[in-house]
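Chains as they are written, first to last, in my numbering: chain A, 1 to 294; chain B, 1001 to 1261.
Rather than coming from a laboratory, the hints here were simulated on the basis of the structure. Here a beta-carbon is modelled for each residue, glycine too, at the ideal position from N, C-alpha and C. Some clues are possibly wrong.
What the hints assert, rightly or not - Over the 12 Å line for every Cβ pair with chain A, so calculated as not near, a few chain B residues:
1) 1027
2) 1030
3) 1095
4) 1103
5) 1104
6) 1156
7) 1162
8) 1204
9) 1235
10) 1260
Claimed, not checked - Taking beta-carbon pairs under 7 Å as the criterion, some of the chain A residues facing chain B (in silico):
11) 50
12) 69
13) 70
14) 72
15) 77
16) 79
17) 80
18) 83
19) 85
20) 87
21) 91
22) 99
What the hints assert, rightly or not - Simulated DEER-style distance windows between Cβ atoms:
23) 25(A) x 1254(B): 33 to 41 Å
24) 13(A) x 1020(B): 41 to 49 Å
25) 62(A) x 1198(B): 51 to 59 Å
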Amino acid sequence: MIEISDLTKRFGATTAVDGVTLTCRPGTITGFLGPNGAGKSTTLRMLTGLTPATSGSALVDGVPYRDLPNPGRVAGVMLDAAAQHAGRTGRETIRLAASVLGVPAARADAQLERVGLTPAAGKRVGQYSLGMRQRLGIAVALVGDPEALVLDEPANGLDPEGIRWMRHLLRGFADGGGTVLLSSHLLHEVEATADQLVVIGGGRVVAQGAISDLLAGSGTLVRGLDPAGLARALDDAGLTSTPGPDGALRVDAAPEAVGRAAAAAAQVLLELRAGDGAGLEDWFFTLTGDAVHA
Amino acid sequence: MSSTTLAPASTPAARRAEPHRPSLLRLTAVELRKSTDTRAGRWLLVVVGLLALVGLAYRLWNAGEGPTTYRSYAGTALDASGDLLPVIAVLAMTSEWTQRTALTTYALVPRRGRVLTAKLTAVLLVGTAVVAVVAAVSALAALAGALLAGDSVSWDGAVEVLGGQLLSTLLLVLVGAGLGALLQQTPAALITYFVAPVLVTAAGAALVGDSVEWFSVLTATARVGALDLSGAVAPTLTALALWIALPLALGTLRTLRRDVG
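Same shape as in the complex, but just chain A:
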C-alpha cells in the first residue's frame, strides 16, 4: 500500500533523509520511530508530495502521491495539527476539505462527531487546544474515507484518554483493512499501537521489523519476597540476572522460565513482567544514538 524505496533528501551539504526504505501492508500499523530531527517528518512530506525528494521513490497504492487524481480519497494525511487557519471554525475547516474531496458535508459533520468535536465545531480553531486541533486533523484525514492514513506525531498534545482513544481508532482502521503509517518519538506509545516498527536515526533506518521480533529478548523483570533467595534460585536455574530498580532483578529470559525457576525453589514472587521499560529505552537510545553520532 505504501512503498518507500531508497528515499533521500539533501539540503545543500546536509543529508536529512538517507536512503530510507520501508513498506506498509494493508491491515497494519507501522510506527516510524526516531528522535526529533531524525528525518521522520521530512520522509512523510516527501511521501505526500509536499517536499520534492532528491532521489528515490515513494508510492501510495502503486503510484506517486502527486499522480493520484484525488489523493485524500486514497491516503488521509495529517502532518501538523497546528497548521490550520486560526480564524476559521472547525466545522468550516473540515467542510472545506470535504468539498475539495467531493464528499458531502454530512460526512464532514459525521467525522466531527466521531472525534468528539461537535460541541466545539462552531468555534474558531484559534480557540482550540492542541488536543482539539489534533482531533480535527484526524477528522480531516478521515473525511475522504481513505484506505491509508499518514500521520506525523498523532498523539502529540493528547492526554492519556486521548492517546488511548487514538490507539483504538487506528487499530479499528487497520483491522478493517486500512494501512496506517504514523511517526512518533514516543517509544512506549508506538510499542502499544504499532505492528511494525521502523526506527530512524540521523536520516537512516537503523532497525525494522515486526514489533514482537524487535522487542523480544528484552527480558523479564522479577521481584521476590526474599530477594537473595530469588537470586540464588535464578542462578541455580542457570539464568543470568542483574539488579534492577527497587530491589527487582532483570533476567535475560522469558517470564515463564523465571517463574519456573522461582517455583522450583519455592520462592514467592511479588512481581513478574516482561519487557522492562528501561531495557527498551536503552535499546532505542543505543540504536539512534549511534546513528546520530555516526
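Take the given structure of chain A and dock chain B to it, following the hints.
Chain B alone, transformed into the frame defined by chain A:
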C-alpha cells in the same frame, strides 16, 4: 469522546475507478469560500463596504453642490474602497503560508498550479462582485442625493465610469495576487502592495520624469480606469507586465517548487 471502529469502505479496484480530481470549478468555489470564511476575510469585506459608504456619505453631505451625477457617487465610492479590496487577493496567496494551511491545501491538491488558477479566478470574481455591489448601492445613494438636492440623477457616463473602475480594480487585484504569490508572507506582501507602487512612482518621477509611465502601476491603472490609453499603450502595457505578469510568473514558480513544511 465516542469510540467507534472505522474501516475503509470500498475495495482498491473500485476506488481507483472512482474519485476524479476536483474540477477547477470546484477548486474555485472552495477558494471563494476560503476568502470569506475567516475572521480576517470577513472583516476585510466589512471595511471595504464601510469605506464605500463613507465615500457615499461624503457625497450625500455635499448633495446640492453641483448636479447630482451617478459618475461622482460611484466614482467616489469605488475610489474609497478600491485600494483595500486587492488585500483579499494578497491574503488569498499569502495566508496559506503564514497560517501554514499550505500543508493541507497542497496535500489535498498536489497539482499546485490548479490551486493557484482557482485562487486567481476566485479573487477576480470577488473583485467583480464587490464592484457590482458598490455600484448598486451608489445608484441608491445617488437617487437619495438627488432627492436631497432637489434635482434628478444624471446617468451620463455611468457605463464608462463603472467599466473603467472595474478594469482598474481588477488590475490592482492582480497586482495584489502577484505580490502575494511572490512574497508568500502576509505582512511583507501587504506592506509592499501599499508602499511599493507609490514609492516607485514618486522616486521614478523624480529620477526620470515622464518616463516613469513605463514602470508605474499607478499611472497605468489610472489610465485604464479613465479608459484612455491614447498614445500610451506601450508604456501602460509594460508597467502592467512588470507589476502583474512578472510577479505572478515568479510567484507561481516559487509556489510550485517550494518545500511545504
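Quick rundown of the hints versus the structure:
1. Not every CB of chain A is more than 12 Å from the CB of residue 1027(B) (nearest about 7 Å), against its label as outside the interface.
2. Not every Cβ of chain A is farther than 12 Å from the Cβ of residue 1030(B); the closest lies at roughly 5 Å, contradicting the non-interface assignment.
3. The non-interface label for residue 1095(B) is inconsistent with chain A: the shortest C-beta to C-beta separation is roughly 7 Å, within 12 Å.
4. Against chain A, the non-interface label of residue 1103(B) is violated: not every CB pair exceeds 12 Å, the least being about 4 Å.
5. With a least beta-carbon separation of about 7 Å from chain A, residue 1104(B) fails to lie farther than 12 Å from that chain, contradicting its non-interface assignment.
6. Against chain A, the non-interface label of residue 1156(B) holds: every CB pair exceeds 12 Å, the least being about 43 Å.
7. Against the 12 Å criterion, residue 1162(B) stays outside the reach of chain A, whose nearest CB is about 32 Å from its own CB.
8. Once the 12 Å rule is applied to beta carbons, residue 1204(B) is consistent with being away from chain A; the minimum gap is 37 Å.
9. Listed as outside the interface, residue 1235(B) is consistent with that label: its C-beta sits roughly 40 Å from the nearest C-beta of chain A, beyond the 12 Å cut-off.
10. Remark: the non-interface label on residue 1260(B) conflicts with the geometry, its nearest Cβ contact in chain A lying 4 Å away (cut-off 12 Å).
11. For the restraint placing residue 50(A) at the interface with chain B, the shortest Cβ-Cβ distance is roughly 4 Å, inside the 7 Å limit, so the hint holds.
12. A least Cβ separation of about 4 Å between residue 69(A) and chain B falls short of the 7 Å threshold, and the interface hint therefore holds.
13. A cut of 7 Å between beta carbons decides the hint on residue 70(A): the least distance to chain B is about 4 Å, and the hint holds.
14. For residue 72(A), the suggested interface contact is upheld, since its CB lies about 5 Å from the closest CB of chain B, less than 7 Å.
15. Interface hint status for residue 77(A): upheld, as the beta-carbon distance to the closest one in chain B is roughly 5 Å, under 7 Å.
16. Satisfaction of the interface hint for residue 79(A) is found here, the shortest Cβ-Cβ separation to chain B being roughly 6 Å, below the 7 Å cut-off.
17. With its C-beta approaching chain B no nearer than about 6 Å, residue 80(A) sits inside the 7 Å limit, and its interface hint holds.
18. Interface hint at residue 83(A): satisfied, since its Cβ lies 4 Å from the closest Cβ of chain B, which is below the 7 Å cut-off.
19. With a least beta-carbon distance of about 5 Å to chain B, the hint placing residue 85(A) at the interface is held under the 7 Å criterion.
20. With 7 Å as the threshold, the beta carbon of residue 87(A) comes within range of chain B, its nearest partner Cβ sitting at about 4 Å, so the hint holds.
21. A distance limit of 7 Å between C-beta atoms decides the matter here; for residue 91(A) the minimum to chain B is near 10 Å, and the interface restraint is violated.
22. Residue-level restraint check for residue 99(A) holds (minimum Cβ-Cβ distance to chain B is 5 Å; threshold 7 Å).
23. Between residue 25(A) and residue 1254(B) the CB atoms are about 38 Å apart, so this pair conforms to the stated range of 33 to 41 Å.
24. Judged by the Cβ atoms, the range 41 to 49 Å given for residue 13(A) and residue 1020(B) holds: they are separated by roughly 43 Å.
25. Checked against the hint of 51 to 59 Å, the pair residue 62(A) and residue 1198(B) passes, with Cβ atoms roughly 55 Å apart.
Of the hints listed earlier, those the structure fails to meet are numbers 1, 2, 3, 4, 5, 10 and 21, in rising order.
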